[in-house]
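Protein chains in written order, with our numbering: chain L, 2 to 392; chain A, 2 to 392; chain R, 2 to 392.
Don't take every hint at face value.
Pairs involving identical chains hold if they fit within one copy or between any two copies, as the list cannot separate such chains.
Stated by the list, open to error - As a list, the in silico SDA-like pairs of lysine to any residue whose alpha-carbon atoms are at most 25 Å apart:
| hint | residue 1 | residue 2 |
| --- | --- | --- |
| 1 | Lys238 | Met92 |
| 2 | Lys70 | Glu385 |
| 3 | Lys125 | Asn335 |
| 4 | Lys131 | Phe303 |
| 5 | Lys389 | Ala378 |
| 6 | Lys320 | Glu234 |
Everything labelled a hint here was simulated from the structure, so no lab data went into it.
It should be emphasised that the depicted structure is a prediction, and the values quoted were computed from it without experimental measurement.
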Amino acid sequence: MKFCDALNKLPGKEENGLFEKNFLRTWDMSDDDIKAVARGACALKSLRDENVSPKIFDSGIAVSMFSKKNTGMELAFASGSDLLGLTIIDMDRKLGNTNINETAGMASYMADALGICESDFVEKSSRYIKRIADSVEEAQKNGVITQKPCVINLGSDEDTPVQTIADFQYMAEYFGGIENLKGKKIAVTWAYSPDGTRSLALPQGIISLVTRFGMDVVLAAPEGMELMPGVYERAEKNAELSGGKFTRTGSMEEAVADAEIVIPVNWAPFSFLEKRTELSAANLGTYIDLLEHELRENNKEFINWEVTEEMMEKTKDGKALLLHDLPVDVTDINCIRGEMTAQVYNANLPSLLKEAGMRPYVIAAMIILAKSEDPKAAFETIAERATKRYF
Amino acid sequence: MKFCDALNKLPGKEENGLFEKNFLRTWDMSDDDIKAVARGACALKSLRDENVSPKIFDSGIAVSMFSKKNTGMELAFASGSDLLGLTIIDMDRKLGNTNINETAGMASYMADALGICESDFVEKSSRYIKRIADSVEEAQKNGVITQKPCVINLGSDEDTPVQTIADFQYMAEYFGGIENLKGKKIAVTWAYSPDGTRSLALPQGIISLVTRFGMDVVLAAPEGMELMPGVYERAEKNAELSGGKFTRTGSMEEAVADAEIVIPVNWAPFSFLEKRTELSAANLGTYIDLLEHELRENNKEFINWEVTEEMMEKTKDGKALLLHDLPVDVTDINCIRGEMTAQVYNANLPSLLKEAGMRPYVIAAMIILAKSEDPKAAFETIAERATKRYF
Amino acid sequence: MKFCDALNKLPGKEENGLFEKNFLRTWDMSDDDIKAVARGACALKSLRDENVSPKIFDSGIAVSMFSKKNTGMELAFASGSDLLGLTIIDMDRKLGNTNINETAGMASYMADALGICESDFVEKSSRYIKRIADSVEEAQKNGVITQKPCVINLGSDEDTPVQTIADFQYMAEYFGGIENLKGKKIAVTWAYSPDGTRSLALPQGIISLVTRFGMDVVLAAPEGMELMPGVYERAEKNAELSGGKFTRTGSMEEAVADAEIVIPVNWAPFSFLEKRTELSAANLGTYIDLLEHELRENNKEFINWEVTEEMMEKTKDGKALLLHDLPVDVTDINCIRGEMTAQVYNANLPSLLKEAGMRPYVIAAMIILAKSEDPKAAFETIAERATKRYF
């Protein structure tokens, strides 16, 4: 997809459903909204590759709040915001402890974007991001701020829309357009990692998103690796509406058979995360250690849930597109046994890096769509102006 | 006050008393200097609200040094500097330990603004900021730097000019102009906080500033909650010169009666801060803990120094403007008993956030006044150019 | 040297040997490359002093990675990058522990410059920086990135090219041109510091660089303070080729006699650094403490290796140019006995700060030369455009 193609499909003044909106969960957005973000990302990437600067801000700040280190997403938020002319301010990671209204108010005085990554506790983190977003809207209503920053979920316990839309657009580019994804088999499969305590955001987010675009989605996981209640039902309903499919299996082999896309991902079962949240609220750190130890011991049973070359050969023509949100635990590279073998990793690394490289553009697209009433006109101005990004 | 009104009153080439100056304490500045900063802030805010970019720097850095976390002021310095086109670099919080001349020299090579918040030790922090400012001037004299950054006190033990001028301008806007502040009763009152060890900068700064503009200032505090020597005398002298009033009382009720503005603020008595400085210099940390414990125990006697709805009803028409420098300790929200009740807090939060939102503009105004020989012309260029902040 | 002189000598399209290159060690660069960086720095400094903005980027990021705090170099990288329009993102200091290919890939998606300071372990740090640079090139080859960031060594165990080229250019300005350095005697002398564990980068880098330009280089050190194998030989060979001289002595007096430039610098012997690297790899922290203790005890024997006023009087006409990479350990200022006396330090501080002030321009020059195929044209555009840096 070339820049001009994406450009023609961007929403104009009356069509932009994202103006002054936030980006908390993809299931709060319409299909057109999703496509607008994906196409905006595509357009921005083409522009930058052609050395055209899409700077739409002459000044302004983008504030990020991360509950823990997440190098990839931090860089993505920083470069996506910078691309548009925003300066990045990273607020204290422990900010969540202070009064949420003051936090939101202070962070949004002069901010055009607020990126929040808060994945520690089941459900609580989603509610936290939502409350920040509500406080910002309140501040706007009360005249505290004259321009509303958009709130972007950079990863919560429930969803991670930047990553999933980046994956969606990356697949669309790979297969020649969003419409070509229809009917393609995609295997989202649990994979073994020595950590084992990861959030549910990615598997939940992916199956909730791609089932909306007619894909044939198979979710594979060992018994007991449950997602949050209601997620499977949403995926099924989506598939039904879009003419796609959503099935579950207890076998990675079955999932990857003839798949055109494979996404290995490690997560902890919902019951574990719920229990850990409880213990954490009760300040029972020692028992959290024990709980995590038990989970890891239990996970050893599933050590064969690894993407190997043999596994990849079972995919369509043996050459499925491999996706991962990085960083990945690779056998023999950074652990004894991980999500994939070194061969699979090395063969796919350039593609994995390209996939991750889509995230800054998705973030920038979100900001343009939320801040410009008429994104089509904004992109036209960018194209006409044709300011070189560097000379 | 509209942008154009403020603009007309900005100092021109021969009138700018702040060119190449620093902003350490308001009492080192003339009344015209204070007004110029307040009006500059007003003009900048109007511009941004009208989506006009006041960027006067094409590149350049603003360096901040905070001795401890201060989210609100950090964001204010960052967004105020960004508004003008400066990139923010936050230096190590413990930088104060290194050779002060090297620190100042290295920080100012290419900086256009140095913001310093150093409130730990009585008097020492003011002297520290002054020495940085002197070193910068020395560096300029010696040809080390060809352009001098302005040094901005973001909070010391003595004064906090960004906060007080922000409050001053916020009151001026609220009451329709600086001249309308004349004769207005303002109650600056000690209020209970479980912390209890806060600096004297705000109460000292406020009473030193507003007494210069004819206000009727009442300072209320429990017995023994003394400010630094000489502060009351300065306030009295200011009031005498400006036709205002400065009185002290041991009763919050008395202070707020018929007041049009109420500023609750917690501080520790000067004798405590002095003692703590001594113990700190002697590395007697354990005794500091004991000293703070005793202070907190003693403060419990004054737990009724709380701004309640009943207290607010005693103010003029029961609707005084409530100011606070945030964050605030609120009863039932982030502590059992604090500076104000949740009702008072919630009713005033939008206004408190607007007040705090003035700080970035005050900082930006300081930078323009210190860097532009002719601020009036600079603002005229901004207005003519009319670059959109974002499109 | 005025801006226009430097400008005329900058490489044009066919002459730029640094386009898309990295800056890891000066001995990987040709003499013309070195001169191009030095002249670029000079041109950029003149521009800024004349309030002309050399911004060549409309957006873009510069990523820094420091293995430990280095305030001076961090500020230099930040202000040099900002001068060209890049936003600075400082990545986690411990990033080196993750998969190097992912790190490099993620850091370079949208970065135009990667600055790395990694001086902990002998040889390993150079290899680390080299591997990052290789991964970036790999990413470019694989189409992961469409524009390659240049990798800049901000200090490794082996070399510190930003500092040495800054010193080179500073000397050139001081003596009226690069050609005037020919035949000048420069004393690079070990000096006592209570720390004693510093890296070899500066002494190795300086003698490797200036011997290439016909200088008369004397390296003085107590017995046993060896540099890495091969460094002396390189310096000798350079001197032979350039018509300069390289000699070694065990006496500071002898080195500084009639010298026109004196560079005191503390370093730890290679054998110590090698041993420490071994112990560190084996996680034997306690024995590292012991090893460092022994080194410091041993160093006390050389406590007289201090630059005093008497020492400076032995130099040519008693007024040699004193250089240092800062921060410096000064007797009676930040230690009991250090590299130089307070008198020598105070008399030379303005010059030392000017020397350090050259670093941001060297970094900016490196970035322009690596990113612009035709640096001469880029500078001409900057000069024609003549955008004011601030108004």
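Violated constraints from the hint list, given by number and in increasing order: The structure breaks hints 1, 2, 4 and 6; every other hint is satisfied.
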